[in-house]
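Student: Assemble chain B onto chain A, guided by the hints.
If you read the protein sequences in the order shown, they are chains A and B. Per the numbering used here, the very first residue in the first sequence carries number 441; after that it's consecutive. Per the numbering used here, the very first residue in the second sequence carries number 441; after that it's consecutive.
Derived from the structure by calculation, the hints contain no laboratory data. The structure presented is a predicted model; accordingly, all values stated were derived computationally and were not measured. Just to be clear, a hint being listed does not mean it is correct.
One copy or any two copies: either way a pair holds, since identical chains are not told apart in the list.
As the list claims (entries may be wrong) - In silico DSSO-like pairs for lysine-lysine, Cα to Cα no more than 27 Å straight-line: (1) 553 <-> 517; (2) 470 <-> 553; (3) 569 <-> 606; (4) 553 <-> 474; (5) 451 <-> 581.
Protein chains: 2
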Amino acid sequence: MNKKQLFERIKTKKSFLCVGLDPVLENIPKHLLKYENPVLEFNKQIIDATKDLCVAYKPNTAFFESMGLKGWETLIKTWQYIPKDIFTIADAKRGDIGNTSAMYADAFFNEAKSEMGFDAVTVAPYMGKDSVDPFLQHENKWVILLALTSNAGHSDFQLHQTPGGKLYEEVIRISSQWADSEKLMYVVGATRGSEFKNIRRLAPDHFLLVPGIGAQGGSLADVCQYGLNKECGLLVNSARAIIYAGNGEDFAEKARAEALKVQQEMEQILESAKLI
Amino acid sequence: MNKKQLFERIKTKKSFLCVGLDPVLENIPKHLLKYENPVLEFNKQIIDATKDLCVAYKPNTAFFESMGLKGWETLIKTWQYIPKDIFTIADAKRGDIGNTSAMYADAFFNEAKSEMGFDAVTVAPYMGKDSVDPFLQHENKWVILLALTSNAGHSDFQLHQTPGGKLYEEVIRISSQWADSEKLMYVVGATRGSEFKNIRRLAPDHFLLVPGIGAQGGSLADVCQYGLNKECGLLVNSARAIIYAGNGEDFAEKARAEALKVQQEMEQILESAKLI
Chain A
441 MNKKQLFERI
451 KTKKSFLCVG
461 LDPVLENIPK
471 HLLKYENPVL
481 EFNKQIIDAT
491 KDLCVAYKPN
501 TAFFESMGLK
511 GWETLIKTWQ
521 YIPKDIFTIA
531 DAKRGDIGNT
541 SAMYADAFFN
551 EAKSEMGFDA
561 VTVAPYMGKD
571 SVDPFLQHEN
581 KWVILLALTS
591 NAGHSDFQLH
601 QTPGGKLYEE
611 VIRISSQWAD
621 SEKLMYVVGA
631 TRGSEFKNIR
641 RLAPDHFLLV
651 PGIGAQGGSL
661 ADVCQYGLNK
671 ECGLLVNSAR
681 AIIYAGNGED
691 FAEKARAEAL
701 KVQQEMEQIL
711 ESAKLI
Chain B
441 MNKKQLFERI
451 KTKKSFLCVG
461 LDPVLENIPK
471 HLLKYENPVL
481 EFNKQIIDAT
491 KDLCVAYKPN
501 TAFFESMGLK
511 GWETLIKTWQ
521 YIPKDIFTIA
531 DAKRGDIGNT
541 SAMYADAFFN
551 EAKSEMGFDA
561 VTVAPYMGKD
571 SVDPFLQHEN
581 KWVILLALTS
591 NAGHSDFQLH
601 QTPGGKLYEE
611 VIRISSQWAD
621 SEKLMYVVGA
631 TRGSEFKNIR
641 RLAPDHFLLV
651 PGIGAQGGSL
661 ADVCQYGLNK
671 ECGLLVNSAR
681 AIIYAGNGED
691 FAEKARAEAL
701 KVQQEMEQIL
711 ESAKLI
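Bound conformation, chain A alone (with noise of 0.2 Å):
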């Protein structure tokens, strides 16, 4: 999915939300442990229950890989799962050298090879330039380099001073030489509110996926009032709050009541912003 197409989803479902898909066996309701593979069926109803709500899903790999081969298997059927018009992202945070990131790429964008063509894979940018390459290389698909993010570590690297500004800024400036806004997006904390004016002035065109709204305690609205752009450029991610908002027989219900009450608060922003 290109940027333009991104935008015309963003405009005609009213949303710019991201959900994560970030399960784990112990939370989910029990009724579904009779199920053969309970977190699949977990994630296929969290999917039926917000597909129309949403613009994209985020699998975060950790959560799959944590369950062994079976694990990796509910990735790989969670991805096929997703309708083909939602983008989707692998938050699977890699990197490495350049041979390397070349298998990374194949493993989440290339169907033939993994059964996996997600549109996007987050990236971790501290082994620099040729390990963001071989992501870049494929047709139609991003990265999402790593920014500014919303844990408490952040500021233990991230905001290092150094002669061309702040290192996530250094991470922006200099990626952005690397790919342009169709290609590449950051990752960007909603914790981080203060911050977003600041990253829109380094990198006014691009998306930004923001995680940390709801549990991680982010206010959408904060991050709106600096992070919109012309075309939206947002993607705001919500795991917890909605796959989590309940825990019975009704939890696809109740996942979807949380995803309609960011779906409605983003609908009147991007009316606000007269970008609907």
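Tutor: This is chain B only, laid out in the frame that chain A set:
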């Protein structure tokens, strides 16, 4: 395996060689294609041929993930095949917010959940302390943190000047407050021989995992000149130069010959340094 045990293994085997298991289906000898799982068969024969010459194996997860579900199964079976007295490193370069890193730690350390119980995992530092901590909670397991890598892109961010020094120096300085040299190692590329002196100033007691010997062009003698410490303190990785030493029916013998050459050089170095 703890640090003392690792040093004992090094002295017994007169080797600090780590063999990188980075198998690519297209590159393995054609006669193996008759096996149900040619890549697993390749790995097994490489392990059989080299296990008395090395102290560690390092499967790079990307190479397995690129092969989809079958690849993940091959990773599990490869880990299971490695003798239990050899140090195992999941070269995964993971790192995410705390609750997600806990999942990655389960994926590679928690055999009951994932069928894999590696001794160590490589971790990217960009997201800071809480992205590393969950790995450190696992008893008798190690984090190998990226410090100074051997790829071209190492200069994009790792050498950035900050008030406390270059970024990679800050990574070592700050992370060494999170855990001591009994839990934490660093990745330091062999192509950066001249930086080893500096790194030993910051991390005198830590083991360093050194990729970049062989195909990537680093010299063992250069690395050891400054890198050795009183407990050896080095795990030097070689992947392609060993596993692809041959391409015919005698590939395993050729891999062994190549590994033996490195082991013999290491034995001389350990003797010269009076470590054995």
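Student: So, for every hint listed, does it hold in this structure?
Tutor: These are the hints, each one checked on the structure:
1. 553 <-> 517: Close inside one copy (15 Å) and across copies (20 Å); limit 27 Å.
2. 470 <-> 553: between (35 Å within a copy, 19 Å between copies)
3. 569 <-> 606: Cα proximity of residue 569 and residue 606: in one copy and across copies (18 Å, 18 Å).
4. 553 <-> 474: Cα proximity of residue 553 and residue 474: across copies only (19 Å, versus 32 Å in one copy).
5. 451 <-> 581: within (21 Å within a copy, 49 Å between copies)
Going through the hint list in order, the structure satisfies each hint without exception.
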